[in-house]
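Peer 1: Single-letter residue listing:
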Amino acid sequence: MLLIKCPYCGERDQSEFTNGGEAHVTRPKNPEQVTDREWAEYVFIRSNPKGIYYERWVHSHGCKKWFNAVRNTSTDEILLTYKIGETPPLIKKFQNILKSPSGEPDVGSGNFTVKKP
Amino acid sequence: MTDNKIYFKFDGKRYGGNKGDTIASALLRNNVKLVGRSFKYHRPRGIYTCGIEEPNALVQIINEHNEPNVRATVKKIYEGMVVKSQNRWPSLKRDFGSVNNLLSPIFSAGFYYKTFMGPKGFWKNLYEPLIRRTAGLGKPPHEFKSKSTHLHHNVDILIIGGGLSGLLAAKKLAGTNKDVLLIERENELGGILKNSNKIKSINDQEALEWLEKTERLLKNSTNIKILKNTTVTTYNYSNHLTAIEDKSVGAQPENKKPELVLHKIRTENTILANGHIERFLSFRNNDLPGVMLAASFEKYIQRYDVVPDNNPIIFTNNSSTFSLLQLLINRNCKPKAYIDVRDVKKIERETLNLLEAHNIPFYPKSEVEGCDGNSEIKKISVRTKKNKIIKIKASMLCVSGGLNPDIHLFTQSKGLVKWDEKILTFKPEKSFQNTITLGSVSGNFIFKNIIEEINKKLSFIDGTNDIDLKIEVNGSEEFNIKEIWETKNNNKSLWSKSFIDLQNDVTTKDLTQAIREGFDRIEHLKRFTTNSMGTDQGKISSINALGIVSKLLRKSVSEVGTTTYRPPYNPVSFSAIAGRSTYEFYDPERKTPIHPWHIKHNAVFEDVGQWKRPWYYKKYENETMNEAVQRESKHVREAAGILDGSTLGKIEIKGKDALEFVNMMYTNSFTKMRPMSAKYALMLGEDGMIKDDGIVCKINDNHFISTTTSGGAANVLSHMEEFAQTEWPNLNVYLNSITEQFATFNISGPKSRMILSRVFNDVDFSNNKFPYMTFKNINYLNYRVRILRASFTGEQGYEIYVPPKYALTLWERIFYYSRDIDLVPYGTETMHLLRAEKGYIIIGQETDGTVTPLDLNLNWMIGKKKKDFIGKRSLTRSDIIKADRKQLVGLVPIDKTYGIEEGQHVIEDKNIPSKIDKPIKMLGQVTSSYFSPTLNHSIAMALIKGGNRKIGSQIYVSTSNMNVIPVEVVKPNFLDPENKRLLS
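These protein sequences, in sequence, are chains E and P. First residue of the first sequence: 1, per the working numbering; consecutive thereafter. First residue of the second sequence: 1, per the working numbering; consecutive thereafter.
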């Protein structure tokens, strides 16, 4: 179970939170004027990177506040949390983090347990 | 009886054991070697180890609700315990299933997958029941109420393992300002100090004396907490671990106390000092009762004072067996032979001297070819240096194939391991979390190096000082392992077996065969052969399998890799996971303030989310649901009925921008709506699909109250919160759940106005003064009541909102004032019928997350002039405006005596072919169906493709007995389409 730092309450168990999908997906200002494709991008399409991911969480069994988090999807580490409305940190900031437990390639699934000879 | 023995029963026979004995040590004390039958071949099996790694000796504890697959090597005995062996019939000695062993040449890897392919139906009715009867472990436990509980810990440092390294680490941390939790699996601290005589002295004190002093020191340290009988099973992300504590070791579980405690531990740093596990070797009949791991044999003598056999044979490929040899000699138990696969030159002087001095037959550069005997070992055959086979009579064989650091938890923590060519096993290479490994789990098998290792690895912790101790060992500290995984089998028979996984009956032949069939990836091979998939997870054998496979594939073990180590480390009882969340504590039950009245009036309840709602009321003892619903609904249409609607979700929306917010959340327009009026409103997702419905009451532009479905209240509130907080944080709006601040009654029927005029005699209920979809706040007996004119039945109707404290009083008053009118209480089933007669939808019944307002012909609910609301743009997407989407229609059977089944398919063609070889074209499905007592025939609603254009035509509905019913498609409004009753 992850330990998540709510920007309002501090560190709590993951079970108090609900994940809300990708962060910083902006709703089109004038929905009537966008094409079907552009609208579908907003409603359905999400990036799914292996690595740094900006996502939303809500402290659903706590203060009920929504906030943003930066998570490394290959190690499940939550690197940072910040309040809604705050400027998201640049991805550059996380360049030097461990890509995965075993330092495996950028694409692919699973973590190798054994160090290659 | 005057002796100090503890008596228990094994397979009906009474045995005595000592206090502290496990089932296994007590059985060995009584010279019982055969304790179970194997999984697949029903071969006789004995006790192989002395701990958690046991693959064979699994038993069933009859007096503990039939608890199956209990390790006899772990479970402690107590007076009156009743134990039974598993997987045998009729008895352990004469097992009918052992016929499988005769058939074994055909039961090789993949046998089930390849053989039981057909004919159709045979798997379900014949093969599976047959296989399940003969293969397997214990029988399922009886139902029992779990008394297990959960505990949480937040500590700075967690030490796993109370052996030498764990104790030294704890000693180093004693007196610092760190919160330390030390977890020990056994009932006593000590680990290797208790299990063997390898350590001669620590700081010139005897090992056990030092242990006692250290334990006292730790107990007196205020910053250290010790948990014994506790096994860490899981190592998760963020240094979160779970451990199971057995609270009833060596005693019958007490009725009122938890038998297991699940500890959930969050820590800054984890110190893994959980030691190593000895591995076995594969040779012919290496599963015969009498074969035991060498270190386990030693542990039985040291810890339990049981010598399993006075003259065993020792077979090894490394130096760790020296201590066993020495111990046996000290006890005047001379081993029958010492067989070592290594050359004399590689064996330490101490061992050779001991063998020579006591004249023990010694076979260097030799190996055990196999052993023979019916239900236990009688003879052991040895292949000598000169490749000659000699047979030695013996009844036990102690095997050591090397030591494996217990890396299970380390790899669960996502640490990286590396193959070590020197000790021929995997050892931790790099931690992923704040994990420190100490002692043999880190691959350090040399005791003298432990002090240095601890000082080095723990020096980063503030307030610790270097420890300085002198450890002296018995004999040499060399390990000098020689690679060997399987010995050569001289018996070419199809029946001869050399096991690689004892619990799942996987032989080395199975591995060869799997590779021949192309399963050369270790993860595939594991699943095809079921190697290391038993409850022991191959603790003594999985590395051996890698060794054998790497030889067959001519690759290094590193290239072969390991299978993934997954939690739990050790089987975890469901009762421990469930903790107190069982039966009535599993999920909270929510009850309305009227609940006691419902019970008194014979309500039958239905679960709606967590709510208990009256489903129908039994008027007399034998009234069926159908009879009750017909009676209740007819009565509502003819006179009046009352429904407890308190479960309805209620959300208060306040703030300067409340109007704008409500306009965005719902499809309807609220701008021109008059204060103190209400609207039936729809809520969509951004995909345009209906999410929820309810009535929105406008008090003024800054204050709204909306109702939600009973089950959807929490979701609707969080949906609103999400948009309020993330999309429009600039809007001034506050949301509050007020579901439980009000009880709600729905009164409907032609006489409802009359009843309410009597109860609230100063309120004018006339159509002019109190029109449909308006509400009033009134004072009644000094409390505030809100009355809303709305209806979900199509009759004249009112909803009354009252503070829960006064709800029951008011409810009873309403009945009092209508005693001559015969007001009937009705439940949810009648509510469903009444709304279906009017074609009103229910979220989750007519909708399933793929239905838009257009599909339900609810276009009138969409605010045409509104520029935007959630989901609006999606309603003009090309797919949503297609004419042949599924649309809501009504269905009436042509023959009015027929009933329509809910959930059935709607089809165009009336002929269902007798043999169905291609899919039948479906139009859609029946979403609701009832028999209407008012109309006196069946009515149904259905979602069907292009439904709007099919009004008036005849189509068919399938039935559960492969028939079809012809139906007419009508508009989904069966009763009073002009709404005369509603507006009367």
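Source of the hints: derived by calculation from the structure; they are not laboratory data. Treat the hints with care, as some may be off.
The calculated BS3-like cross-link candidates involving lysine-lysine, where the alpha carbons are at most 25 Å apart (straight line), are [stated by the list, open to error]:
#	chain 1	residue 1	chain 2	residue 2
1	P	K872	E	K29
2	E	K29	P	K422
3	P	K864	E	K29
4	P	K422	E	K115
Peer 1: Run every hint past the structure and note whether it holds.
Peer 2: Hint by hint, here is what the structure shows:
1. P:K872 with E:K29: At roughly 13 Å apart (the allowed maximum being 25 Å), K29 of chain E and K872 of chain P satisfy the hint.
2. E:K29 with P:K422: 66 Å, violated
3. P:K864 with E:K29: 19 Å, holds
4. P:K422 with E:K115: 16 Å, holds
Hint 2 from the list above is the single one not met by this structure.
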